[in-house]
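Trainee: Sequence:
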Amino acid sequence: MSNANDFFSLERLETIGDSFLKYAITVYLYCQYPGIHEGKLSYLRGKQVSNYNLYRLGRKKGLPERMVSAKFEPYENWLPPGYVINEDRRRGPVHKVHISSSSNKQDPCSPANQCGSESVEEEILSSSFNNEKLSANLNNGMMNFIENDKIPSHVRKANLEQWKFNQELEELKQSQEQDGVSGCGSSTNEKPLVPYSLQTIHSIPDKSVADCVEALIGCYLTCCGKRAALLFMSWLGLKVLPQKHILQEQYDENITEHQLDELETPLSPLLTHTINAEEVLERLLDGYETFEKEIGYKFSDRSYLLQAFTHASYHYNTVTDCYQRLKFLGDAILDYVITRHLYEDSQRYSPGVLTDLRSALVNNNIFAALAVKWNFHKFFKAISPELFNVIERFVARQKEKEDEIDFDEEFQDEGEERPDEEVVEMEIPKALGDIFESVAGAIYLDSNRSLDVVWKVYYRIMKPQIEKYLKSIPKSPVRELLELEPETAKFEKPERTVNGKIRVTVKVAGKGVYNGVGRNYRIAKSAAAKKALRILKTMQSQGFIAQLSNEKMMQG
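Going by the UniProt record's numbering, the first residue of the sequence shown is number 1, and it counts up by one from there.
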């Protein structure tokens, strides 16, 4: 850990491990449950990759005892190898330390400190639907369902898949609840008294254990390869590889390598039971050869291409699903291949720089702008006038800037800025970022799950932006403002305007009050920060800020 003040730490490995963890679980869920929609897959993935789940698995395998969490101090926290104390001859009792609820050294298995915060605990233990009742009903229904030979086979498969999905979700929830209460003592409000000695016990936050799990995944990935990392994750108890014995009721964490199978790529998304499916597919994809030439990849199964561009509102496409599942897959794929590229760079960026670069390159704003630059929007299929209106405004803005991608500047509606009042942030259409990700997922599946093929296509698309950010790492306007004015910049609670938008105000003590408006809190907060930065930098260049600072010092 970085607290050990050594020449190295786990943070770089944690970054690549975190990205690979998300990728591996996403691919597993996508391939194992081809009939489950993106919302439920995201919910289960969130439970699997949560810090609480990683902490639980790491603690079960004894990782905290092996972590180095403090600086080496021979006179304070070190015992000679093999040194033990005869408890029968110990003079006096072991000193007791009262651990308060706000302390970082609280018992990690106490209910108040599971994953370090009440919000995470509520997120893990709560569910948007009653899994127990649903699993029971599906289980009972399946027995009657299988006996009915008149029901079509594809419907039977879909119900079995739903039942398996809910069983997996229920098993994960039960294991988390059991591990969360085991060894935690009584449920009274009395604070536990634990022996505490720097020589024998070290205090580690729950999140640090989760970070260690991610770092170990990254270590196996970079040193032993992808397969070894997947086997290590399976040993931990993460579901990333299917078992050969599919009738086994529970997932055995102590399985061996020969019991694990390879994932199978799902079947073509083309709905063959539709009348004249092939003809409809070719008609809907008329002119898409231009797009394939532009990105430099020709699809073997063109139904993936149609699915990647089909919005849920486009009811004319009756031969494939919409792009939501492909977007779920492509998001994790792009995050991993970009992170892998940055990690393997010869510059060996520090963990902080690596995280900043990853955040700058993997976000919806950049993806949407690149989608416009490479004409993804021209092939987008949707029936939503409001959505197309937002897209047209965004495309017009990008073309005026000659497809320059620079979101450090003001990015606002034309004619809407009122310098003395507020900045209205232009909405960046999420759908454009979604199709940018869904095409990545489509290429991945069409190329028989080849990450190298995906990166070959997308590196060509993203290369100018990657090289630009490597020279000058961008920061979010909110972060830049807080770094510029760490003590004086304060964001107030959001307010809702008459037209339904959100207004956020940021006050910089002695230097002004700045408002931003947007569709949601994040956009409005960014708009307020951008306006504050623009005006503060102008004041600084003209010498006003230095003059104000000198006057305050003289008054003090």
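Treat each hint with caution, since some may be false.
To be verified - Keeping only pairs whose Cα atoms sit at most 27 Å apart, straight-line, the calculated DSS-like set for lysine-lysine is: (1) K293 with K378; (2) K471 with K507; (3) K381 with K468; (4) K378 with K490; (5) K381 with K226; (6) K463 with K22; (7) K456 with K501; (8) K293 with K60; (9) K378 with K399; (10) K226 with K293; (11) K463 with K475; (12) K293 with K511; (13) K430 with K475; (14) K537 with K430; (15) K430 with K47; (16) K293 with K456; (17) K401 with K537; (18) K373 with K226; (19) K537 with K471; (20) K501 with K490; (21) K511 with K537; (22) K378 with K511.
Simulated from the structure, these hints should not be mistaken for lab results.
Trainee: Could you run down the list of hints and mark each one as holding or not?
Mentor: Going down the list of hints, with the structure as the test:
{"no.": "1", "hint": "K293 with K378", "in the structure": "14 Å, holds"}
{"no.": "2", "hint": "K471 with K507", "in the structure": "32 Å, violated"}
{"no.": "3", "hint": "K381 with K468", "in the structure": "32 Å, violated"}
{"no.": "4", "hint": "K378 with K490", "in the structure": "42 Å, violated"}
{"no.": "5", "hint": "K381 with K226", "in the structure": "36 Å, violated"}
{"no.": "6", "hint": "K463 with K22", "in the structure": "23 Å, holds"}
{"no.": "7", "hint": "K456 with K501", "in the structure": "41 Å, violated"}
{"no.": "8", "hint": "K293 with K60", "in the structure": "51 Å, violated"}
{"no.": "9", "hint": "K378 with K399", "in the structure": "14 Å, holds"}
{"no.": "10", "hint": "K226 with K293", "in the structure": "31 Å, violated"}
{"no.": "11", "hint": "K463 with K475", "in the structure": "19 Å, holds"}
{"no.": "12", "hint": "K293 with K511", "in the structure": "53 Å, violated"}
{"no.": "13", "hint": "K430 with K475", "in the structure": "21 Å, holds"}
{"no.": "14", "hint": "K537 with K430", "in the structure": "30 Å, violated"}
{"no.": "15", "hint": "K430 with K47", "in the structure": "24 Å, holds"}
{"no.": "16", "hint": "K293 with K456", "in the structure": "14 Å, holds"}
{"no.": "17", "hint": "K401 with K537", "in the structure": "22 Å, holds"}
{"no.": "18", "hint": "K373 with K226", "in the structure": "33 Å, violated"}
{"no.": "19", "hint": "K537 with K471", "in the structure": "22 Å, holds"}
{"no.": "20", "hint": "K501 with K490", "in the structure": "21 Å, holds"}
{"no.": "21", "hint": "K511 with K537", "in the structure": "11 Å, holds"}
{"no.": "22", "hint": "K378 with K511", "in the structure": "45 Å, violated"}
Hints 2, 3, 4, 5, 7, 8, 10, 12, 14, 18 and 22 from the list above are not met by this structure, while the remaining hints are.
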